[in-house]
Structure formats: C-alpha cells, structure tokens
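Novice: Listed below are the residues making up each chain.
Protein chains: 2
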Amino acid sequence: MVPAYALAYARENRPRFIEELKRFINFPSVSAQPKHASDLRRCAASLADHLSRIGLHNARMIATGHHPLVYADWLQNARGPTLLIYGHYDVQPPEPLNEWHSPPFSATVRGNNLYGRGASDDKGQMFAHVKSLEAYLRTCAALPVNVKCIFEGEEEIGSPNLHSFIERNRGSLSADIAVVSDMPIPGPNRPAITYAMRGGLSFELEVIGPKRDLHSGLYGGAVHNPLQALCEIVGTLHDHNGRVTIPGFYRRVREWKPLERKHMAKTGPSNIELLQNARATRAWGETGFTEYERTTIRPALTINGIAGGYQGPGTKGVIPARAVAKLSFRLVPDQDARELEARLREYIKDLTPQTVRSRLRVQSHAHPVVFDRNHPAMRAAAFAYRQGFGRAPIFLRCGGTIPVVDTFRQTLCIPTVLMGFALPNDNMHAPNEKFYLPNFYKGVTTCIWFLRALAASQRTRALPQLYEHVATEEMIASK
Amino acid sequence: MVPAYALAYARENRPRFIEELKRFINFPSVSAQPKHASDLRRCAASLADHLSRIGLHNARMIATGHHPLVYADWLQNARGPTLLIYGHYDVQPPEPLNEWHSPPFSATVRGNNLYGRGASDDKGQMFAHVKSLEAYLRTCAALPVNVKCIFEGEEEIGSPNLHSFIERNRGSLSADIAVVSDMPIPGPNRPAITYAMRGGLSFELEVIGPKRDLHSGLYGGAVHNPLQALCEIVGTLHDHNGRVTIPGFYRRVREWKPLERKHMAKTGPSNIELLQNARATRAWGETGFTEYERTTIRPALTINGIAGGYQGPGTKGVIPARAVAKLSFRLVPDQDARELEARLREYIKDLTPQTVRSRLRVQSHAHPVVFDRNHPAMRAAAFAYRQGFGRAPIFLRCGGTIPVVDTFRQTLCIPTVLMGFALPNDNMHAPNEKFYLPNFYKGVTTCIWFLRALAASQRTRALPQLYEHVATEEMIASK
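Line by line, the protein sequences are chains A and B. Residue 1 is where the first sequence starts when you use this note's numbering, and the numbers rise one by one after that. Residue 1 is where the second sequence starts when you use this note's numbering, and the numbers rise one by one after that.
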C-alpha cells in the first residue's frame, strides 16, 4: 500500500517544483492593494492552467465580486471519500519594503530557504498539496480519493466573497473532509496538527476633528487634536493586567478544564520558546495564563496600524484633521463576533469625548473553531505526518484565524484538517518571509501519504489508534 | 515726505509682481524632504539673482551644512539706521496632496487669492518686503535706511544652521532692528503687530518592541505591541483638564497680570472667532483660559504625527516591531526648552513599561519671546500699517514660533518687528495654502511706509504716540 511511485516522482522532481513555486511567488498578488488587482488575476489564471496541466479536471477561474477563485477537481473514484483542499494564492502587503534582503516578489533561494512574500503564507504550503496530486496523477493516472481544490484570492483581506460563494455552491462543493495547510509547526522535525483557531474581528477607528489640518503653533492647545484623542481612546483599551477593557468582553470566553490546559502545557510551546519564535525579549499579556494560552484560548486585541498627521522626515507643525487606527480582535470560543461588534460600538461611543467625533468601520468577521482531535481524518493526517516527517505530530491550537474553516463547518458541515508545513521563523506577514525547503519536500511526501491514508481510513479501521479519545463537549466547535 | 514715487511704482507693477511671486512659489522648496534639496538650491539661486537685479548689493547664496541662506544688502545711508529683513524661502511639505484643488507647486490665482504651497508662509509675505525695496531703488535709486536681507531655507525644519551662522557673523549682521513678516493678521482690514511668540521643542518618540513585525494571530496577546504602548504613553500626556501631565511642566509658566489679560481680551480674537478661523466646532484645552490665551500665554503639546504598522487599504494582521510619534511643545515665558527636555526624558522613562523600550530624539529648540509694544520701531510699524491698510494695527500675541526672533534677540541684541500680511484662513501648513492678493498689495505699501517711518523715527520724535506706554518688566523678553 506504499505509494512508492508517487513518492519517487516527488523526490526526483524537486528542482522543477522549486522553479515552479518561485514563478508562483513572483506574482505580486497583494489582495489588500487595489493596484495589484490585475496581478491577482494573472496569478489565478496561471494557477488554473497549472492545475489543468497536472491532470486535474474542470480547472478554472471563478469570478467573485473582487479577486477570482481558482477551482479544479478529480472525481473518478466512485466509492472513495472526497477531500476538499483549500489554499490561498493572495499574500500580505510586503511593506516595509526597505527591510527585505531580497525583493519580495523575486523569489530567491538562500541556503535551505526560499525567500519571498507568500513563500510560506500560503503559496508554498498549498503547493505541497498541488505537487502531491501531480505525483499521483503522473504515476498512477488516478488519485486514491476524490479531490476538489478551491484556492482563494482574498484570504488576507478577510475572504469577503468566499462565504457566500460556498453557500451558493454547497452542493457542488460537498466533501467529507477539508484540508488546509496555512500555519506553522513548532519546528523542522516537530510536525503538528492544528485543532483550534481563534476567530477575528477587524475594524478601523477614525477620529475626526477640525475640517482641515491646522498649524500647531496657531491652534495648539485650543482644539482637541484627533490624533491625540485617538491615542487617548486606544490607550485605554487595555488595562494594567493586559486585559481588554470593553465591558463584557470576557463574558462568553470559555474556561477550559484542567485536563485540556494540561494537554496544552504538555504539547504547546513554553513561554521561552514562544518568545524566541517572536524574537521578543519580554512577555506581556493577560495575567494568569501562559504565553501559549494567551495566544490560543484567550482573546486579544491588536493595534495593527495608525495613520495620522505628518510621517515624513523632519518636523511639521500640524494638527491633523483626522486620524485612523486599524485594529483587530482575535476571538475564542464562545465569543460571538457580532455581539462583540455591538459592545465595541457602544464602548467607543462612550470613550469618544465631545470635542471630536469617531467612526467605526468593521472590515471582517470570523468565528473561532475547535475540532475533535480523534476524528478519522485527523488520525489519517497524523499517520501521514509520521511518514513524511518521521515523527508523530502533536495536536496544537493556533492563535491565527482562517475564516474558511468556520465556513466549511457551518456550510458544508465538515471538519477541516489543519496540517501546517511552515516554521515559526518563516516571517509570515513580515519582511523576509520564507519557506524552509526541507519542509516543502516533507510536506509533499506528507500530502501524498495523507491522500493514501484518507482512502484507507474510510475502508478499514486499520489505522493505528494514535491518540486517546478526548472528544468531549469541549471539542465541539463553538457557534 | 510721502514716498509717492515708490508707492506709484508698486501700484503700477502689481501684475508683474504676481507673476514673479508665482515663479517663486513654483520651486518645491520643501526643506523637510531630502528629495527636494536641489529644488531649494535652485530656489535660493533664483532669489539671490532677483535681489541683485532689483538693485541690492552683495546678493549671494551662503552655504550652510544643509540648505543655503540668501543674503543681500544696501548700506549707502551713512547716518541712517539699519534694518535686518528676515524671511524664509523654504516651505512645509505639501502632503496630503489629494486635498489640494490645484497643484501645490503650480501657483494659481483664483478670485482674489493666489494658491500654492508657500504662498503666504513665507514666500508671499517676504516678497512684500522685496518689492518695497525694489520700488524705492527703482524710483529713488536709494533706500531711506540701510538694509540687510537674510532669507533662510531651513525655517520649517527648525533652523538647524541659522543660529550658529548668525553667531559667527554677528558683526556683519549687526542692525538696529529686525523685521519678519511670517504670520497672519486677524482679518483683511484688521492689521496687527505681533509682540509675543511661543517657543518650541520638537521631538520624536520611538517605541521599540520585538525585533521584527509579528503575525497578530500567532502572537496577539503575548507581546506588548509597540504601537499600543505608544498610544498608552501618548494618551497619558494630557489630563482631563487639557493640561500636560509632565511633572513640573507649568512651574515656570508666567502668570500674567490682569492688565495684560484685559489688553488681550480687548484686542485678541474671541473664542468663537478663533474656532471659526480653525474651522473647528468645539473648543478644547486648559480650563480657566480663553482660546486666545490657550494659544499664546499657555504652553501646549501637540502630536504632529504617528507612523506605525500597516496604513494601506484593507487589513493586515501585524504587530509592528516599532512605532514613532512626532510631537512638539509650544513654550511660553519663562519656560526653558533645555530644562523641559530633561523633564520630558525623565517622564517618558517613567511612563515606558518594561515590556518595550523607548527612545527620544529632540529635533529643535526655540525660546519664547515678548517685545515692548512701545519701542520706536513698533510705532514706526504701526504708522506704516495705518498708511498701508487705512487702519491702526492692534498688538497681538501669536501661538507660533519663529526661532530666529529669539536668535536676533540673544545674538544681535535687537528686537524684531513682527508684521504679518497673511490671513487666518490662508491655510498655512495645510492643503490649499493661499495668499489674499489685496493683502499682498497693501503689504508692499506698508513695507514702503515702514522703511520711510523707520528713517523718521530715528531722526525725530514726530511719529504720533499711538499707544499708551505699557512697557513693564512683563514686556522684557524671557530668557
């Protein structure tokens, strides 16, 4: 039952795979920046063409209101299960550009790493799946399971069109399990399956003052500076214990049983390890929780950016007419994004002094998710990792948000296997993003074994019972 | 004694003066932005050439460490007093560009206004003096007083090289009085002489966190976000009464006698007028003071800009590695900029939590100044305004800062007459800066009369005693 031909094909074609991945990365598919709209379209067209060339069927771009989706399938296995593979070809903005050692959209191999925006998030990781499909199709002319690929171009802007697309097409997208590879594992030889992710709520807070920018000499001291008012508001959103001050913010936050926190302490990164990954020297956050807990089972509020006033070199004596902060929450079970939005609006209204006006624009919502670690597909993934990396994976929670996972759960009623290949130091969302190439190769191997194990898991109960059964009501995804 | 020929010349040549001023404005002499260094040089060369062509002597550019000075003189009046005319040919950055109705460096007349960056601050106002000199020299082949012109290219960046230049050349720059036209008057028919200006202290506050930008999903809640910490620091710099919270900040702030505050209430703008000029709807600031007092005899702290994190369209899930705020104080007698800097450093150190680092970079210093409203040169200026505008000026304080005024006082031991021609709605430092052309014409007339009256003030005591003598120890400039 060893997929020997596919594995050999993958091994032999590594140099070509790297060249193809480089070309894929070189499309500046920055979904947040309107100037790159045509780059996303070109990237999507190239991806669809690639999927067709490796032997998938029905490969095509699908128009959304904004950046296109890419779809392809292979459905020739009448009795086998169907796997929905999700990835995203859009990337984070590369700014600040001056901190890159090589251009973000000119993928470059240095040592064991491939550098470029999207190298790991998510072009490199989704490519591991694509290449596993190619390896099977080229050597066996068939896949062991049915596959539907759905690759998105709007993940980094909160997937504004994906949810409705999946809802409208829930019939044709039906599957037994989804897989997403868009997260780091703890280390090169420490594979992990993510069984929980935080949700999200992103918004812009604008503070508006005088009708125009004012001379700070002539008016300084006599009008409320919107940038100052913004700092005064944002500066009170956390208390001295690192807790968010919005009334009722923690009311629905689930308290986990000691058994689960013990599992987390055993499998998750230590405080020191997490800080080393962050290249930070000092911990900070909600008292009473470890760093791993703070980033997974506790919610967070991050100020992602502020723009206001003069930012150029030197000085400018100005009181800006307005200032904007971009903020985002990470939510945990059983917080509800819509309920929180209402609380937030109320709180910001209370915090805004009468001397300025404020405006809140919510940009995206996503619910947190938690999956059963003992689901057969999870066990298939664990088996595949053991084959690909030579070690059994641990089950981890992740602080990030992949909104589509919640959509799959709600709309298609299926769980998602979250199997990452990136590393904590791959600089996802930061300058000098990279992908550790040995993990790419192991990722392809793991994906090949995953297809194989998934087929087996349905037919037999032969897969080793790797993990004790811990599914309880705690494991049920929160609404 | 009426300078009839010069006045007639100025009247007849108005259209040409406007064309020349437009060409002067079209040099994008933005001193804060390194990319414009050569534009400043070209602007300075053109100005020096112009001064030579109108009949001044020794016209030349003078190299500084950065942007050049322009100098010219006329010293043929052996017995007359010497007037030092200061102006600056550099301008504020034009950003945000999208708010301009016509390009900032393509000067455009619309109605009675000339639009362009620098139209009033300070190219237009200094040009009124230049054209008054031309009018005299072309019609009389002489000036009624000796004149030294010193035009700077670094005023908007805090005059980093001017002070030392004047110190090194205090002999050759010696004069009896200085004049600066770089401020607004209350209205088109409401001339004013500024007898007090606030000082300044500009600095950048940088807050530094992790070594690189972090993914806010993976690390949100576990590290102190430098942008959040910056808001937390900046948000505590004012209390609920609009007062700056730095310990000892108000210790040296002079309390003015009721007589002076009464004078201010009588001559200065009302609260409503000041807010209308600002196009703001709500007052804000230190309790117990009028808006005019808040902007003149009370110090202020303004956040001029903040740069941190992602500022582009859409969202980016990032914890920035660092964040920077640009701030500036406006200081009043008898605050000392150096002493305040020390207090500020101590305070910021105290406010910075152990979870981040902070760094303070002071960019410029200037002392506040107050002059005797009854000095003979002030009376000459008042007389000239009455001739030029048909109305006697009021004596006002200004919240802005012109560092050179303090330099003249300290280094050359002379007072400065601050006679403005700009209007409150001229958008100095803001988009759509303009100069109200009737004020330009009246400004040239006033400058011609000022030269005349200044010559007379030295020879005779014939100038009307326009104002009761109010010089007291309060009027002495503060150290």
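Keep in mind that the hints were calculated from the coordinates and are not lab data. On a predicted model such as this, the values are computed, not experimentally measured, just so you know. Misleading hints may appear alongside valid ones.
All copies of an identical chain are treated as equivalent in the list; a pair is satisfied when it fits inside any one copy or across any two copies.
To be verified - Below 25 Å or equal to it, Euclidean Cα-Cα: the simulated SDA-like pairs (lysine to any residue) are: (1) LYS349 - GLY235; (2) LYS349 - ALA337; (3) LYS266 - ASP176; (4) LYS211 - ILE272; (5) LYS349 - ARG243; (6) LYS349 - PHE289; (7) LYS266 - ASN277; (8) LYS35 - LEU97; (9) LYS349 - LEU97; (10) LYS211 - GLU273; (11) LYS35 - GLU273; (12) LYS262 - ARG23.
Novice: At 25 Å max between alpha carbons, let me know whether LYS35 reaches LEU97 within a copy, between copies, both or neither.
Specialist: both (16 Å within a copy, 19 Å between copies)
Novice: Could you place LYS349 and ARG243 in one of the four classes (within, between, both, neither) given a Cα distance threshold of 25 Å?
Specialist: both (20 Å within a copy, 23 Å between copies)
Novice: At most 25 Å between C-alpha atoms: does LYS211 with ILE272 qualify within a copy, between copies, both, or neither?
Specialist: Classified as between; 15 Å across copies, 49 Å inside a copy.
Novice: My question is about LYS349 and LEU97: at a cut-off of 25 Å on alpha-carbon distance, are they close within one copy, between copies, both, or neither?
Specialist: The answer is neither: 36 Å in one copy and 31 Å across copies each exceed 25 Å.
Novice: Taking 25 Å as the upper bound on the Cα-Cα distance, should LYS349 and GLY235 be classified as within, between, both, or neither?
Specialist: both (15 Å within a copy, 17 Å between copies)
Novice: One pair to classify: LYS349 and PHE289, alpha carbons no more than 25 Å apart. Within, between, both, or neither?
Specialist: neither (31 Å within a copy, 28 Å between copies)
Novice: At most 25 Å between alpha carbons: which applies to LYS266 and ASN277, within, between, both or neither?
Specialist: Answer is within: at 18 Å inside a copy they meet the 25 Å cutoff, but 64 Å across does not.
Novice: Is it within a copy, between copies, both, or neither that the alpha carbon of LYS35 lies no farther than 25 Å from that of GLU273?
Specialist: Answer is neither; intra-copy 39 Å and inter-copy 44 Å both fail.
Novice: Between copies, within a copy, both or neither: which fits LYS211 and GLU273 at Cα up to 25 Å?
Specialist: between (49 Å within a copy, 15 Å between copies)
Novice: Within a copy, between copies, both or neither: where do LYS262 and ARG23 come within 25 Å Cα-Cα?
Specialist: Answer is neither: 44 Å inside a copy and 75 Å across each miss the 25 Å cutoff.
Novice: Tell me, please, which holds for LYS349 and ALA337 at an alpha-carbon limit of 25 Å: within, between, both or neither?
Specialist: within (18 Å within a copy, 38 Å between copies)
Novice: Treating 25 Å as the Cα threshold, decide for LYS266 and ASP176: within, between, both or neither.
Specialist: neither (31 Å within a copy, 82 Å between copies)
Hint check: violations occur at hints 3, 6, 9, 11, 12; the rest are consistent with the structure.
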